[in-house]
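Colleague: Protein sequences, first through last, are from chains A and B.
Each residue of the first sequence is one higher than the one before, counting from 945 in the numbering used here.
Each residue of the second sequence is one higher than the one before, counting from 56 in the numbering used here.
FYI, nobody ran anything at the bench for these hints, they're computed from the structure.
The reader is advised that the hints may include incorrect statements.
[Stated by the list, open to error] Part of the chain B face toward chain A, derived, beta carbon under 8 Å:
1. ASN178
2. VAL194
3. ASN203
4. GLY216
5. VAL268
No residue lacks a Cβ here, since even glycine has one placed at the ideal position from N, Cα and C.
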Amino acid sequence: MANKILVVLEQRYNVIKKISNEISKAGFELSQKLNCEVEAVINGGEISDLNKIGNYGIKKITLLKNSEFTKYSPSAFSKSLTEFINEINANIILFGNTSLGKDLAPRIAARLDAGIAVDVIKIETSENNIIATRPIYAGKALVDIKINSEKKVFTIRPNVFNPGEPTENNSEIIVKGISSPDFSTKVVEVKKAEGKLDVAEASIIVSGGRGMKEAANFKLVEDLAEVLGAAVGASRAVVDAGWRPHAEQVGQTGKTVSPNLYIALGISGAIQHLAGMRSSKCIVAINKDADAPIFQIADYGIAGDVFEVVPALIAELKSNKFKKMPSFRRWHL
Amino acid sequence: MKIAVCISHVPDTATKIKIGSDAKSIDPTDVTYILNPYDEFAIEEALKTKEKFGGEVVVISLGDDSNKESIRKALAMGADNGILLKDNGMRDSLSLSKALADEIKFQNADLVFMGKQSVDFDNSITGQLTAEILGYNCVSVVVKFDINENKIVAEREIEGGKEVIETSTPAIITCQKGLNEPRYASLKGIMAAKKKVIEEKNATSFDNKLEIVQMSKPLGKQAGKILGNDSTAVPELVRLLKEEAKVI
Chain A
945 MANKILVVLE
955 QRYNVIKKIS
965 NEISKAGFEL
975 SQKLNCEVEA
985 VINGGEISDL
995 NKIGNYGIKK
1005 ITLLKNSEFT
1015 KYSPSAFSKS
1025 LTEFINEINA
1035 NIILFGNTSL
1045 GKDLAPRIAA
1055 RLDAGIAVDV
1065 IKIETSENNI
1075 IATRPIYAGK
1085 ALVDIKINSE
1095 KKVFTIRPNV
1105 FNPGEPTENN
1115 SEIIVKGISS
1125 PDFSTKVVEV
1135 KKAEGKLDVA
1145 EASIIVSGGR
1155 GMKEAANFKL
1165 VEDLAEVLGA
1175 AVGASRAVVD
1185 AGWRPHAEQV
1195 GQTGKTVSPN
1205 LYIALGISGA
1215 IQHLAGMRSS
1225 KCIVAINKDA
1235 DAPIFQIADY
1245 GIAGDVFEVV
1255 PALIAELKSN
1265 KFKKMPSFRR
1275 WHL
Chain B
56 MKIAVCISHV
66 PDTATKIKIG
76 SDAKSIDPTD
86 VTYILNPYDE
96 FAIEEALKTK
106 EKFGGEVVVI
116 SLGDDSNKES
126 IRKALAMGAD
136 NGILLKDNGM
146 RDSLSLSKAL
156 ADEIKFQNAD
166 LVFMGKQSVD
176 FDNSITGQLT
186 AEILGYNCVS
196 VVVKFDINEN
206 KIVAEREIEG
216 GKEVIETSTP
226 AIITCQKGLN
236 EPRYASLKGI
246 MAAKKKVIEE
256 KNATSFDNKL
266 EIVQMSKPLG
276 KQAGKILGND
286 STAVPELVRL
296 LKEEAKVI
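Make the full structure from the sequences, and use the hints.
Modeller: This is the structure we're talking about:
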């Protein structure tokens, strides 16, 4: 059977998410390598900015439309998507490895009886098949996987495929009404963590560990994060101590992150923590103990007291004209 | 109500991973195996639900004899019965889920808890796959759970917030840290667990659709520069972040 790729785009409250650009780019590149067709699909309601999905070469986007689809429904999204996949006969299906993609992709795989590889960081082709690379053991090892079923499902880790600046899109947009969805499981409310940038989506993260000494001192971590437009992260020790919520925990039993810049304050670097942040593009460590394992993977380090160094760093950043990174990974609501 | 908990037996999170000589699996030498940390939240939630509504908690694990250690831990925490689905080979998540689905159906459990992921392959898909195979509802990455009659209200963690989800039994719930505080096994529980019989069955076999081509270690990161030991190093740090790393 000839290959046909389907890219499953994402929105929340009818606003296109940035991962949609990343997987569009990835899907188009893969279609070039496999010399096959590619199209995209999205579940949603009145999506006004479908043309903000960059013009990466995907010529057709289908909107599976229902007024209730502004919010996620695992049952309705998976049913309508599976029907669509079968209708167009797609055999390679790409999702973002986001909270939605991670929930939805396996449901689709089960319905299609397809092999599934999640959290993919690299895709290569070999003899008309795909070799996907993904981290296991929270990044302590990598595995190359091949899917041997006819239909194949992948989820792609955010922040891995650089889509570049999206340009105005001229894809054909087809609207397909979904009239009687299965709402046996559905979101009834979304609770936004007030004003907070999530570590999973941030391009800069400032994390604090036990070296911050007590919960109140996290003000310093928050202040540095504020200056940089960064998310606040935490080590397991401080989450277990109840200083910070578990949603901020970075590490093997917390979140695996790969921001452009990761600043570790008072974090010694237990193996479980390193596993969760080692793929960050640039790592800065500030810790009194020059022998702490965190310095073995840090690009830059200051082996000093966080309570002396961090205020100086905040002052230096404030006085220094620097380009504040756009927090484009901020959650859309 | 019959409540099932599916658990896995995984390398301790402190383990340094070494790739085995076949380059397709890890070297098990010196590796300590533990009950998957997320499964502790699943066991706790099952026990809490049983305490509220009565019923029975059955623990299911697929693997070899060593899995009994984790099953025993769940029994010591208070689970009623343990089942080992014996299987020595490698399985992909779909084949694993089909075998679990078979046993869940056999047990006639209509509420199932699992950890949101196991900390070895980090897939985070077994709950959703198993639910679809069974035709059950499913809520994944749950940090708050409530059930009344057969109506379920659960909160799942998403980027920057939470989704409140409504559904009904039969259902599979995958558990995230923060859902509860798992209890320690009491001495009485440990003694009782020793007397409980772990039922052994052969796991139903299904074809794998995934093939491991090879495993490797990520490229090691070179230790970088320590710029100083006090705030006098700060201007240089900011300069390097701007000009060399170009991240601010």
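Colleague: Next step is simple, just say for each hint if it's right about the structure.
Modeller: Verification of the hints:
The closest approach between the C-beta of ASN178 (chain B) and any C-beta of chain A is roughly 5 Å, which is under the 8 Å cut-off, so the hint is satisfied. Taken as an interface hint, VAL194 (chain B) checks out: its beta carbon lies about 7 Å from the nearest beta carbon of chain A, inside 8 Å. Restraint check, ASN203 (chain B) versus chain A: the minimum CB separation of about 15 Å is more than 8 Å; hint violated. Of the supplied interface hints, the one on GLY216 (chain B) holds, with its beta-carbon coming within about 4 Å of a beta-carbon of chain A, less than 8 Å.
The beta carbon of VAL268 (chain B) comes within 4 Å of a beta carbon in chain A, closer than 8 Å, and the hint placing it at the interface holds.
Violated hints amount to a single one, hint 3; each of the other numbered hints is respected by the structure.
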